[in-house]
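Engineer: The listed protein sequences correspond, in order, to chains U and R. Sequential numbering of the first sequence, starting at 1, is according to my numbering. Sequential numbering of the second sequence, starting at 113, is according to my numbering.
These aren't lab readings, by the way, just hints derived from the structure by calculation. Please note that the accuracy of each hint is not assured.
[Stated by the list, open to error] Here are some chain R residues pointing at chain U (derived, C-beta under 7 Å): (1) L172; (2) A173; (3) R176; (4) T224; (5) R242; (6) A270; (7) D275; (8) I278; (9) S279; (10) D285; (11) A289; (12) H306; (13) P391; (14) L394; (15) E395.
Beta carbons: idealized from backbone N, C-alpha and C, even for Gly.
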Amino acid sequence: MSQIMISIASEYSDTPAGRYRTDGPFSGERFRDEMLLPALRENDSVEVNLDGVVGFGSSFLEEAFGGLVRAGYLAADLKRRLKIRTSLATYQSRIWRYIEDAGRSAHQAVIA
Amino acid sequence: MKRLTHKKRVWLELHSRRSALALRTKPQRRVRIRKWHDNKRITVPHTLKLTDNDLRSVALAFFRDVRSALDLGQTVTLDFAKAEFMHPCGTLMLLSHFDIWQHLYPGRLFATYPENEVVEQLMQHLGVLRRFGLEERTTVTHERVRFWHFYSGDEALAGTYKDLSISVRQSIDHPEAALFADCLNEAVANTVHHAYSFETSRLPPPPLRKWWMFSQYKDHKLFVAIFDCGVTIPDSLREKPAFRDYTSLATFKDSRLIRLAIKSERTRTKLGYRGKGLPEMLEFSNNLDRGQLSITSRRGAWIYHAANRREETREFMEPLPGTLVLWEMPFREGRSDEPNYDFDSKRIQ
């Protein structure tokens with residue numbers, strides 16, 4: 001079973017911000033596309049370390065993690081394969097809320 | 113042939129010389145006259161403030177005068193001699209307009225030294241003197257100046273103000289002070305993403321669709337001001353297609369529309385607004401014992417007083433061409449005197 005750990009601060013940026021690539025160079029969209037999605041494709045389990053970062057901004061977190069659902073992953077699958085490591089509990093709960101909300105939105109879109 | 117008298121010959125000679133001289137000097141005189149007419153001296157208001165009705169009218173008239181003169185092809189000298197009170201809101205708007213004017217009308221904007229020593233220190237501290245080719249002749253020592261820090265950008269690039277986020281996040285008197293950086297990032301990201309979201313004739317050219325930020329940490333409190341020259345919150349809401357479904361909102365004053373945007377009442381109205389930056393600032397402010405959050409956009413303003421959880425709305429006569437966020441929060445006791453709060457001016461961007 002393959003595992004990988006991604007440290008946002010040391011491997012991406014210690015000052016990530018913004019939702020889309022057009023917002024800035026360290027956006028949530030770019031982090032998801034260039035780091036999270038390849039890691040999920042190539043590994044059974046991915047641990048993301050949020051410590052060491054000087055703040056995120058909700059649009060970064062929503063696009064990076066909620067965006068995984070929009071990219072085709074099921075919330076339940078992510079619960080099993082994605083681990084969030086952070087010293088700030090707020091981030092943990094926020095990220096899972098974004099994933100669940102994105103899952104609900106996708107479900108409603110399918111029903112509609 | 114008729115013989116000319118001596119008197120007549122002298123007159124003709126003098127006349128021809130005058131005509132020749134006039135022909136030679138005419139172009140120079142024309143240029144001189146045009147230059148005199150083309151240089152307009154505009155006095156910077158004594159008090160530059162946007163959150164007071166009368167002072168805002170004076171400030172906005174000044175901005176309009178400068179723009180009109182530049183549009184007419186004139187060169188403009190900004191006369192700072194009488195400027196005495198440069199409030200953060202007015203100064204931030206002035207800095208944003210320096211960027212815009214100097215980009216649109218290169219080489220046609222000049223400035224004079226202020227008579228007031230504090231204003232001169234401020235202009236030097238913010239790099240304004242250098243921008244206008246004026247010598248930096250003073251030392252920035254004044255308490256009201258040296259604690260100010262200025263940042264600007266056209267991207268959500270949190271590294272620009274990283275020093276601010278790191279230095280204050282452990283000092284703010286808040287149960288989750290680390291989230292201050294998140295709020296700041298989100299506010300800037302929302303400005304980048306939404307403040308210039310549709311075209312109007314008033315918007316600056318694309319390279320100058322930026323955010324401008326001031327911060328100050330002094331006297332046990334942190335103050336942050338963010339300004340954009342964008343489409344404004346009320347206009348942004350009125351532009352939404354869903355807005356037309358809520359005809360009752362059409363008569364809403366600007367201040368009420370700002371309140372609507374901040375308090376996330378969009379679930380009821382389906383008026384998706386410009387992200388979560390402002391609601392998150394409010395949520396953060398809800399956990400402060402003191403401090404204030406104020407959003408001014410177009411004609412309206414919405415103010416939250418953390419001490420008594422009181423909200424206030426205001427309407428101004430003149431519309432602000434953009435959105436101004438003023439955010440004040442207290443430091444924990446005994447944390448405001450640490451030496452790292454006094455940045456050196458090299459860090460100012």
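Engineer: Against each hint, give a clear statement of whether it holds in the structure.
Structural biologist: Cross-check of the supplied hints:
1. L172: Since the shortest Cβ distance to chain U is 30 Å, the answer is violated.
2. A173: Constraint on A173/R not satisfied, violated at 35 Å.
3. R176: At 32 Å from the nearest chain U Cβ, R176/R fails the 7 Å test, so the hint is violated.
4. T224: violated, 38 Å
5. R242: This interface hint is violated because 27 Å lies over the 7 Å limit.
6. A270: holds, 4 Å
7. D275: This interface hint is violated because 10 Å lies over the 7 Å limit.
8. I278: holds, 6 Å
9. S279: violated, 10 Å
10. D285: violated, 18 Å
11. A289: violated, 11 Å
12. H306: violated, 10 Å
13. P391: violated, 9 Å
14. L394: Violated, about 13 Å.
15. E395: Check failed: Cβ of E395/R comes no nearer than 10 Å to chain U, outside 7 Å.
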